[in-house]
Amino acid sequence: SQQGEEDPQALSIQEGENATMNCSYKTSINNLQWYRQNSGRGLVHLILIRSNEREKHSGRLRVTLDTSKKSSSLLITASRAADTASYFCATDAPGNQFYFGTGTSLTVIP
Amino acid sequence: DTAVSQTPKYLVTQMGNDKSIKCEQNLGHDTMYWYKQDSKKFLKIMFSYNNKELIINETVPNRFSPKSPDKAHLNLHINSLELGDSAVYFCASSPMRGTSYEQYFGPGTRLTVT
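So the sequences go chain by chain: A and B.
Take 1 as the starting number for the first sequence in our numbering and just add one per residue.
Take 111 as the starting number for the second sequence in our numbering and just add one per residue.
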């Protein structure tokens, strides 16, 4: 199935450090999105990157896409305690829908 | 104003019962979704509606029946609840159908079947 898989499953860093999480997928995509989920909440959209794009920025977030390796990465710079959450990538699939991975659980220690 | 709302937030019920979860979006979006998130946080799409029409129906038991009375509402009815139905159910919406649009998620409904 066309499912994004995030890596690592869990990541713990000190406040102020950068956090990098990766997403790998199996078949060609048109779009890839990253979402954040705080504990007990719904998912919140962060960034959409299209297959013809290699990099996008939004504030402290930087997303890269390497279609040759079928992978994407999300970099959060100068992390804050409020960035503690689970981060999901969503890759599109036949049927014009998204498949989500199981997420990376990020803990930022103050 | 809440963009995508779900009721109830928590639902505890016994096996064999029938229950419903309601979802409403006030964003004027055409497309709505139901997702199931299991205890390992895996998020799986169940259904998608576009302008009240069912467009995605993943392999879910037919005990689950979505209903969209209008494009702002998508409800989920579950018959004969089983232990394995325990999960968090999320409603989401997007402006239009397709993966180039971001999805807006509701706060989730935690269903516990005992």
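Heads up, some of the hints might be wrong.
To be verified - SDA-like cross-link-like pairs, simulated, lysine to any residue; straight-line CA separation at most 20 angstroms: (1) B/LYS150 x A/ALA10; (2) A/LYS69 x A/GLU53; (3) B/LYS150 x A/GLU53; (4) B/LYS150 x A/ASP7; (5) A/LYS56 x B/GLU212; (6) B/LYS151 x A/LYS69; (7) B/LYS146 x A/GLY40; (8) B/LYS150 x A/ARG41; (9) B/LYS132 x B/SER210; (10) B/LYS150 x A/THR107; (11) B/LYS154 x A/SER24; (12) B/LYS150 x A/LYS56; (13) B/LYS154 x A/THR107; (14) B/LYS151 x A/ASP7; (15) B/LYS146 x A/ARG36; (16) B/LYS150 x A/SER12; (17) B/LYS146 x A/LYS70; (18) B/LYS151 x A/LYS56.
Claimed, not checked - The following residues of chain B were derived to be distant from chain A, with all beta-carbon distances above 10 angstroms: (19) SER196; (20) GLU212; (21) THR222; (22) VAL223.
Simulated from the structure, these hints should not be mistaken for laboratory data.
Each residue gets a CB set at the ideal place from its N, CA and C atoms; glycine is no exception.
Now the hints, each set against the structure:
no.: 1; hint: B/LYS150 x A/ALA10; result: 12 angstroms, holds
no.: 2; hint: A/LYS69 x A/GLU53; result: 14 angstroms, holds
no.: 3; hint: B/LYS150 x A/GLU53; result: 31 angstroms, violated
no.: 4; hint: B/LYS150 x A/ASP7; result: 15 angstroms, holds
no.: 5; hint: A/LYS56 x B/GLU212; result: 15 angstroms, holds
no.: 6; hint: B/LYS151 x A/LYS69; result: 25 angstroms, violated
no.: 7; hint: B/LYS146 x A/GLY40; result: 14 angstroms, holds
no.: 8; hint: B/LYS150 x A/ARG41; result: 15 angstroms, holds
no.: 9; hint: B/LYS132 x B/SER210; result: 26 angstroms, violated
no.: 10; hint: B/LYS150 x A/THR107; result: 17 angstroms, holds
no.: 11; hint: B/LYS154 x A/SER24; result: 17 angstroms, holds
no.: 12; hint: B/LYS150 x A/LYS56; result: 29 angstroms, violated
no.: 13; hint: B/LYS154 x A/THR107; result: 24 angstroms, violated
no.: 14; hint: B/LYS151 x A/ASP7; result: 14 angstroms, holds
no.: 15; hint: B/LYS146 x A/ARG36; result: 16 angstroms, holds
no.: 16; hint: B/LYS150 x A/SER12; result: 18 angstroms, holds
no.: 17; hint: B/LYS146 x A/LYS70; result: 26 angstroms, violated
no.: 18; hint: B/LYS151 x A/LYS56; result: 26 angstroms, violated
no.: 19; hint: SER196; result: 16 angstroms, holds
no.: 20; hint: GLU212; result: 4 angstroms, violated
no.: 21; hint: THR222; result: 14 angstroms, holds
no.: 22; hint: VAL223; result: 19 angstroms, holds
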